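These protein sequence lines are chains A and B, in that order. Last residue of the first sequence: number 369 in UniProt numbering, and the count goes up by one each step with no gaps. Last residue of the second sequence: number 369 in UniProt numbering, and the count goes up by one each step with no gaps.
Treat each hint with caution, since some may be false.
Same chains, same names: a pair is fine if it fits in one copy or spans any two.
In silico DSBU-like pairs for lysine-lysine, Cα to Cα no more than 35 Å straight-line [what the hints assert, rightly or not]: (1) Lys-213 <-> Lys-3; (2) Lys-20 <-> Lys-127; (3) Lys-214 <-> Lys-258; (4) Lys-258 <-> Lys-213; (5) Lys-30 <-> Lys-236; (6) Lys-289 <-> Lys-127; (7) Lys-141 <-> Lys-3; (8) Lys-31 <-> Lys-236; (9) Lys-213 <-> Lys-236; (10) Lys-236 <-> Lys-214; (11) Lys-172 <-> Lys-3; (12) Lys-341 <-> Lys-214; (13) Lys-31 <-> Lys-160; (14) Lys-138 <-> Lys-306; (15) Lys-172 <-> Lys-213; (16) Lys-3 <-> Lys-184; (17) Lys-20 <-> Lys-183; (18) Lys-3 <-> Lys-214; (19) Lys-3 <-> Lys-258; (20) Lys-127 <-> Lys-16; (21) Lys-138 <-> Lys-213; (22) Lys-236 <-> Lys-16.
Rather than coming from a laboratory, the hints here were simulated on the basis of the structure. Since this is a predicted model, take the numbers as computed values, not measurements.
If you want the building blocks of each chain, they are given just below.
2 protein chains.
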Amino acid sequence: MSKVGIVSYGLTKFSKDDSKIESVLLQSTKKLFDASPNLSRNDIDAVLVSTNNNSKYLSAVLSEMSGIEPKIAHSVESLCNSGTNAIVSAYSYISAGLADVVLVCGAERYDSPGQILEWDNSRGEFKHPIFWASIFTKAYKREFSITDDDLAIVPVKNHKQSKNNPNALSEKTYSLDEVINSKKLTDDLRLHDCSRPCTGGASILLASEHACKKYTDTPIWISGIGQKTTSAGFTKNITFSSMESSRIAATSAFQMSKRSISDVDVAEVHDAFSVCEPMALESLGFTDKGKGMDLIKELHTTDNFKINPRGGLIGAGHPLGATGIAQTIEITQQLQSSADKRQVSNAKIGLIHNMSAASTSSTVLVLER
Amino acid sequence: MSKVGIVSYGLTKFSKDDSKIESVLLQSTKKLFDASPNLSRNDIDAVLVSTNNNSKYLSAVLSEMSGIEPKIAHSVESLCNSGTNAIVSAYSYISAGLADVVLVCGAERYDSPGQILEWDNSRGEFKHPIFWASIFTKAYKREFSITDDDLAIVPVKNHKQSKNNPNALSEKTYSLDEVINSKKLTDDLRLHDCSRPCTGGASILLASEHACKKYTDTPIWISGIGQKTTSAGFTKNITFSSMESSRIAATSAFQMSKRSISDVDVAEVHDAFSVCEPMALESLGFTDKGKGMDLIKELHTTDNFKINPRGGLIGAGHPLGATGIAQTIEITQQLQSSADKRQVSNAKIGLIHNMSAASTSSTVLVLER
Chain A
1 MSKVGIVSYG LTKFSKDDSK IESVLLQSTK KLFDASPNLS RNDIDAVLVS TNNNSKYLSA
61 VLSEMSGIEP KIAHSVESLC NSGTNAIVSA YSYISAGLAD VVLVCGAERY DSPGQILEWD
121 NSRGEFKHPI FWASIFTKAY KREFSITDDD LAIVPVKNHK QSKNNPNALS EKTYSLDEVI
181 NSKKLTDDLR LHDCSRPCTG GASILLASEH ACKKYTDTPI WISGIGQKTT SAGFTKNITF
241 SSMESSRIAA TSAFQMSKRS ISDVDVAEVH DAFSVCEPMA LESLGFTDKG KGMDLIKELH
301 TTDNFKINPR GGLIGAGHPL GATGIAQTIE ITQQLQSSAD KRQVSNAKIG LIHNMSAAST
361 SSTVLVLER
Chain B
1 MSKVGIVSYG LTKFSKDDSK IESVLLQSTK KLFDASPNLS RNDIDAVLVS TNNNSKYLSA
61 VLSEMSGIEP KIAHSVESLC NSGTNAIVSA YSYISAGLAD VVLVCGAERY DSPGQILEWD
121 NSRGEFKHPI FWASIFTKAY KREFSITDDD LAIVPVKNHK QSKNNPNALS EKTYSLDEVI
181 NSKKLTDDLR LHDCSRPCTG GASILLASEH ACKKYTDTPI WISGIGQKTT SAGFTKNITF
241 SSMESSRIAA TSAFQMSKRS ISDVDVAEVH DAFSVCEPMA LESLGFTDKG KGMDLIKELH
301 TTDNFKINPR GGLIGAGHPL GATGIAQTIE ITQQLQSSAD KRQVSNAKIG LIHNMSAAST
361 SSTVLVLER
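Excised from the complex, chain A in its bound form (with noise of 0.2 Å):
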């Protein structure tokens, strides 16, 4: 079966522009074919697009707007992870010898439908994820002596890192005091604990082996898939304090790799509120349980950009189907040493970490170069 490979991409400014879906679609792709002047319109055997949006036969629509007259055209969809789902479906269709070439495109507005799980009546009161990373905070703090103080450090790392990413919703940076010292929303969050939903879309084509070589010399391999659902609603959970699909995305991924978590260079995880990132880093195997924010320091401390390069979600901003796709670019840059100041030097292997719904579903990639 062939390798596949990341061969071109587009990222609009993550916003809170008022566009229409189809105009975010556009955009990120006009950026995509601005950067790949020897891709034709002929070239793309599929178009999947990746998002929450209630608009329909967003596939076909991005198609004829751009000129493009695939064989495979479809949405996918599964939340916040749906973006990562879509580069596994085009993983699979070039693997599979029904597709060369595949634009993956994943676009969102602020106000996307996708934010409330309608269906998982355990959130109560909430209806925004907010009840459940109240939980999960209250969970790790109780059980890992966190602190809101320690927890704070992931708003400012990430804000911090964002500064560097021109694509990033937040342009401001913050002291761990107007972390702490920001609105209240529950007992355990605060605002600038939230990753913000925003308007914003980003494009990624994928090729076979022998088709990368038409559009770069450098393509970015994906050499470790992992995925697993373990629920829908959060309080089927096995635990609030870590990420048990992540666990089992990433041991699949690294199987697959014939990696290990060592050999990760540079990683973006899901960090939709500030809890998440300690807690996926333990879960994906980073550092041991109730460790992930001795790391975290450290990493801030020494401006080790190794972890959320771009800032995060809670950083460049959560345009739910657009995110795991922004987040697979941002490795890509990464491992193509073109990432700018948010460069981590000498990056080889690199990590995406991408879930759902109180990580009742993750995926997890591993990028080579």
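Following the hints, position chain B against chain A.
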């Protein structure tokens, strides 16, 4: 690469029920499990949901309700051919080695938002697809000297055939006069020329060649896949009297399967409206341009169920996201000689034609026993 087989299925009755989408998904999946004594929940690597419903995370929801914890789980949407797109996606996950066993479940409610493509402004005053069906009908009648009386044979035939389909929405047969005298919707379209949106679910289980053996002695193999999207808006069609995307998809599917149209013993074609059946038969290659009604009349007169044995969309009903899967189940039953009164004798090779939005995109599958 592994061959991919269909090893089990479950269908709900198509109805005007007000059931929640989650209930519809669960109902057909339960029927699939009831029909699969050797299937364990743990066997299932991926759960794909095909729907136009606006609810999110339905693959995870269905998984939790069914006791499945899959690796891969997401929804697939492409209006009326969502179902076959999801089947092709499942095929690719298996063929790429990312999954061995995949559950694909299509479901829709009678009030599906997929009935109207808001983006296509060319629909004019008619929101419902009757806008393009009217123009198709006018163009087809004019070009090939076909009359309304000719076209009325399609619903007469298909309602007759659906009488033998226990899951069909239609429980009545109609005379030519009843079709011709049914409510006039436009100059070229009567009520009985239209398939009706309804509530329904269709679940199907795909497996790799080695996994097939566990579930059935008579797997049905997917030997040909063809897909094409030419546009999203219907006015971009190069003609209104044939289906270009269907022609291209059929050519690809036959190329992959190394079969030709003359090998096909039984077929489901996408008769969203009366005119679609002769047009599809011509574009797929069953007969020459303008000769589709001659073939349909011959089949009708001789009670030959070769085309749309379950009654097509007009007779069986059209729950958008379930339709392509229900079509595939029908051909599976035909090739397994388990289609009861609908059985086409000695059917060895079958074809599925599933399209969206005025045939701006089409999927064609070739199945073999």
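Outcome of the hint check:
no.	hint	in the structure
1	Lys-213 <-> Lys-3	both (12 Å within a copy, 29 Å between copies)
2	Lys-20 <-> Lys-127	both (24 Å within a copy, 20 Å between copies)
3	Lys-214 <-> Lys-258	both (28 Å within a copy, 30 Å between copies)
4	Lys-258 <-> Lys-213	both (25 Å within a copy, 30 Å between copies)
5	Lys-30 <-> Lys-236	between (42 Å within a copy, 21 Å between copies)
6	Lys-289 <-> Lys-127	within (29 Å within a copy, 56 Å between copies)
7	Lys-141 <-> Lys-3	neither (43 Å within a copy, 50 Å between copies)
8	Lys-31 <-> Lys-236	between (41 Å within a copy, 25 Å between copies)
9	Lys-213 <-> Lys-236	between (46 Å within a copy, 33 Å between copies)
10	Lys-236 <-> Lys-214	between (47 Å within a copy, 30 Å between copies)
11	Lys-172 <-> Lys-3	neither (40 Å within a copy, 54 Å between copies)
12	Lys-341 <-> Lys-214	within (29 Å within a copy, 55 Å between copies)
13	Lys-31 <-> Lys-160	within (26 Å within a copy, 54 Å between copies)
14	Lys-138 <-> Lys-306	within (27 Å within a copy, 63 Å between copies)
15	Lys-172 <-> Lys-213	neither (40 Å within a copy, 59 Å between copies)
16	Lys-3 <-> Lys-184	neither (48 Å within a copy, 56 Å between copies)
17	Lys-20 <-> Lys-183	within (30 Å within a copy, 38 Å between copies)
18	Lys-3 <-> Lys-214	both (15 Å within a copy, 30 Å between copies)
19	Lys-3 <-> Lys-258	both (15 Å within a copy, 26 Å between copies)
20	Lys-127 <-> Lys-16	both (21 Å within a copy, 31 Å between copies)
21	Lys-138 <-> Lys-213	neither (50 Å within a copy, 48 Å between copies)
22	Lys-236 <-> Lys-16	both (33 Å within a copy, 33 Å between copies)
Comparing the model with each earlier hint shows violations of hints 7, 11, 15, 16 and 21; every other hint is respected.
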